[in-house]
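Colleague: Position in the sequence shown (from 1) plus 16 gives the number in the numbering used here.
Using 25 Å as the maximum straight-line C-alpha spacing, the simulated BS3-like pairs for lysine-lysine come out as follows:
(1) Lys916 / Lys875
(2) Lys68 / Lys80
(3) Lys372 / Lys431
(4) Lys455 / Lys569
(5) Lys476 / Lys431
(6) Lys372 / Lys476
Don't read these hints as lab results, they were simulated from the structure. Here the structure is a predicted model, which is why all the values come from computation and not from measurement.
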Amino acid sequence: MAAVTQAPGSRVLEKCGLEQILEALKLLLSPGGSGSNSLQSTKHDILLATLKSNLSALEDKFLKDPHWKILKLLRDEIANEAEWPQDSVDVTWRFTSQTLLLLLCLKETMLCLAADFNPGKPNPKTPETAPALSPDTLSISQQKTVQSVLQFVVTLGVCPYLAPGVGVPLRFRTEFGAVVQDVVCLSTAPSATRRLYTSCRALLSVAQHASLGSLVFCRHLGDIAAGLCQLGFCPSKRSSLSPEEEVLTEEERALSRKALRDILDQVYQPLAVRELLILQGGPPQSCSEGKMQVRCRAPAWLRRLCGQLLSERLMRPSGVQAVVRGILEGAGAGAAGGSDAEATAADWKKCDLIAKILASCPQQSLSPEDYYRDICPQILDLFHFQDKLAARQFQRVATTTFLTMSREQPQLAAKYLLQPMLAPLHRCLNTAEIPESDKVPGTILVTEEQLSRCIEDIYKVYVVGNEPLPVLVDSLLPVLGVLFSLYCFTKQSVSHIRSLCQEILLWILGRLERNKAVASLKGFAGLDKSVPSLHSLCHFRAAPQGGVMITIKEAVCDEDEDEALYQRVSSEQCRVEHLGGLLSHCQECGLAGDFFIFCLKELTHMAVENETEFKMKSFSNKSLLELEQHQTLLVEGQERKLLVLQLVALLCERMSEQIFTNITQVVDFVAATLQRACASLAHQAESTVESQTLSMSMGLVAVMLGGAIQLKSSDFAVLKQLLPLLEKVSSTYPDPVIQELAADLRITISTHGAFSTETVSVAAQSTLNKKDPEGKREEQQQTSYERYSDVSHGHLEPQQSHVASHEVREPSTTAKQKSGSVTTEELQEALLSAYDPQIPTRAAALRTLSRWIEQREAKILGMQEKLLKVFLENLEHEDTFVYLSAIQGVALLSDVYPEKILPGLLAQYDSSKDRHTPETRMKVGEILMRIVRALGEFSCSSL
17 MAAVTQAPGS
27 RVLEKCGLEQ
37 ILEALKLLLS
47 PGGSGSNSLQ
57 STKHDILLAT
67 LKSNLSALED
77 KFLKDPHWKI
87 LKLLRDEIAN
97 EAEWPQDSVD
107 VTWRFTSQTL
117 LLLLCLKETM
127 LCLAADFNPG
137 KPNPKTPETA
147 PALSPDTLSI
157 SQQKTVQSVL
167 QFVVTLGVCP
177 YLAPGVGVPL
187 RFRTEFGAVV
197 QDVVCLSTAP
207 SATRRLYTSC
217 RALLSVAQHA
227 SLGSLVFCRH
237 LGDIAAGLCQ
247 LGFCPSKRSS
257 LSPEEEVLTE
267 EERALSRKAL
277 RDILDQVYQP
287 LAVRELLILQ
297 GGPPQSCSEG
307 KMQVRCRAPA
317 WLRRLCGQLL
327 SERLMRPSGV
337 QAVVRGILEG
347 AGAGAAGGSD
357 AEATAADWKK
367 CDLIAKILAS
377 CPQQSLSPED
387 YYRDICPQIL
397 DLFHFQDKLA
407 ARQFQRVATT
417 TFLTMSREQP
427 QLAAKYLLQP
437 MLAPLHRCLN
447 TAEIPESDKV
457 PGTILVTEEQ
467 LSRCIEDIYK
477 VYVVGNEPLP
487 VLVDSLLPVL
497 GVLFSLYCFT
507 KQSVSHIRSL
517 CQEILLWILG
527 RLERNKAVAS
537 LKGFAGLDKS
547 VPSLHSLCHF
557 RAAPQGGVMI
567 TIKEAVCDED
577 EDEALYQRVS
587 SEQCRVEHLG
597 GLLSHCQECG
607 LAGDFFIFCL
617 KELTHMAVEN
627 ETEFKMKSFS
637 NKSLLELEQH
647 QTLLVEGQER
657 KLLVLQLVAL
667 LCERMSEQIF
677 TNITQVVDFV
687 AATLQRACAS
697 LAHQAESTVE
707 SQTLSMSMGL
717 VAVMLGGAIQ
727 LKSSDFAVLK
737 QLLPLLEKVS
747 STYPDPVIQE
757 LAADLRITIS
767 THGAFSTETV
777 SVAAQSTLNK
787 KDPEGKREEQ
797 QQTSYERYSD
807 VSHGHLEPQQ
817 SHVASHEVRE
827 PSTTAKQKSG
837 SVTTEELQEA
847 LLSAYDPQIP
857 TRAAALRTLS
867 RWIEQREAKI
877 LGMQEKLLKV
887 FLENLEHEDT
897 FVYLSAIQGV
907 ALLSDVYPEK
917 ILPGLLAQYD
927 SSKDRHTPET
937 RMKVGEILMR
947 IVRALGEFSC
957 SSL
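Use the sequences and the hints to build the structure in full.
Modeller: Here it is in structure tokens:
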């Protein structure tokens, strides 16, 4: 808006000082005296009387005091050049006019003083001396006086003339404001619109001086902007205008519109945003009596105008930061990063509000894509503020905005937010094309700062935001291989991004679909080469500032091939170790259990794989290239098998007993074990370890069926997947104990637990007992072992080497042997192992002795009494593997010598004075039942 007046003659300004003008302003603001009837006067009367008294005092001073003559001349010159009516019946307007004239005098005087100021050059000998102060500088007390004057001018000359809904009404601000609203006379000349135009124009003229402008806009920007909005954009009701009514010309309205945009561009942008938001509309205000005063809603034209102006603020350079600061600073947090910034950062509602504003495409934008292209880089910049308190606020806003945009415009968010954020990781993928200029060894492909920012931004969006939107998950999936490689590298030393990488990996693995999560783990382990990973030319290096950077590898010389091979093998070993450490945190969600089951299934595939699959039938007609390719396939296959075995061993070592979190995982585990057992049988590769694993897995099923957990109908539907495998094991597996347990489990599952044999209950109890401390049990077993060692020397040839060894031994007779092939050494080893403290060794020895009895080995049949003693003593054992093997042995021995063994067993079962426990008596009864079932009616003739 144009200035009100040009500077008068320099002769007048030179003689007029700032102190005199400020003294005149103080005179206008002086409080009025209290007469005798002041108590009976109303507040309105007191205010009007004070204003009249101060105006009269000022005029008397001008007329009677010769020292004020120069100021009077200056005021008169400015008043003559002014284009607004200064006289009015309304005393409030006369007071406002005189105050504005004095403010203009102050501004012109300060401009003249600043123009004439010519500071000398600083003395280099005394650089610490402060530079000369400009003569137009106001002291603190003078600034307070000017602030008070401006407050009166805005209160009397702007606020009373605002239309309903435009700005905050005076009566809702202070009690004094309510009084002013009542004393202003709108029916007298000049009109309200002319008064508002005059006040805004004069204040803008005063603000042309920098010092005065900061005082004007710091506290009164909102009221002045409200006045300019009304003057320049409020629709005129032309049908109701009378010829006598004064209105603004189109030129004056255009000047008001231009002035509004000029001051909005000039002031601190967050302040402009805050004031526009207030103009657009706010919550209801409460009056001093505590009653809610419903404020008029902003008119539609003002809401549209403020929305347009806010959009313009947003589209400017650094507009996002201005909008964020404007809302946060206007939400009770003070300056961004202030004392209440922590509380504001924790208020997600404000962050959601800002996110919705930023995510909404304004009408001024050509298209949403154009808007996102301009705004998204500024949103990413919000993550990188250095000030800690302000950073917390801006990062929360950035995270919420990121999620809102990804939810509302996923394609645009992926293009303009996610791709730039993940660009450093995409740059080093094995699927990316590295330019030839960057393939020079030692070239830094991703700097330390870029990689650190990338990881930190991913953490803030994914882990802190914690909203697994499809676009977020799908965008991160291709770079998981690089993230895991970076995580493995950071585990080698101290790094501030190690924990961030771990949290990101755990977050995404826990929220991926289970098949995708397992596929990612396969890629991490190196089992799936199709999963994107780090480019073969790239590797990680420690950076100077303690971070990590990605560079191009140095070329490997022929002399360094062995070292490179060693580094590759050790790196793969470390990857497996770190994968195990990562999975140890994924047990509760069930991912570790699913990956463990996958590895077990891979073992099954290895067991059934035909070893001659890759062997060529004839090499005579094959080229050298084909032979080399064949050899490469064989090597890769062997590497994969070794890797699977390494993973299974690592998971068995690292994972706890809570690795399985649901029945489905337990059933999958048992199914994998049964399939592997069936595959081993097909290849005639049964082993003791295989039998132990099979018994253990079926023991888990027995525990579930035995009542350890409450099974539902849906659980039995899952368990029925085991029926074909259990049937195959019960009919083909050579171990009779496992056969019987498989058959009984099949019956129990088929009947939904309605029928359950004692074998299932015993197997369940044995599996549960393995969790108890085995100190007492091992002590008891060791005592039995030592006792039998002394007895065995009287019947067998001493073998000191076997007696002295206390290692875990497996009898060498587990394979099927022909009659008469058992040596004395093998027999002694089996008898000693029958008292071994290690449960697998003891059970295997008992099964070996039972197999020899079934094969009618001569040396075995000749020592029936000793064998019977061994089996009966092992009946006392708590473990299922041991006492079921002993039961089977006694039953087989009774089949050979029924007349010698049956009477003793019957006497032991019937005797009421027997020293054995009820559990042992039940086991003897099981033996008798098996004997009777096997011998039939011949059992009676043996008694």
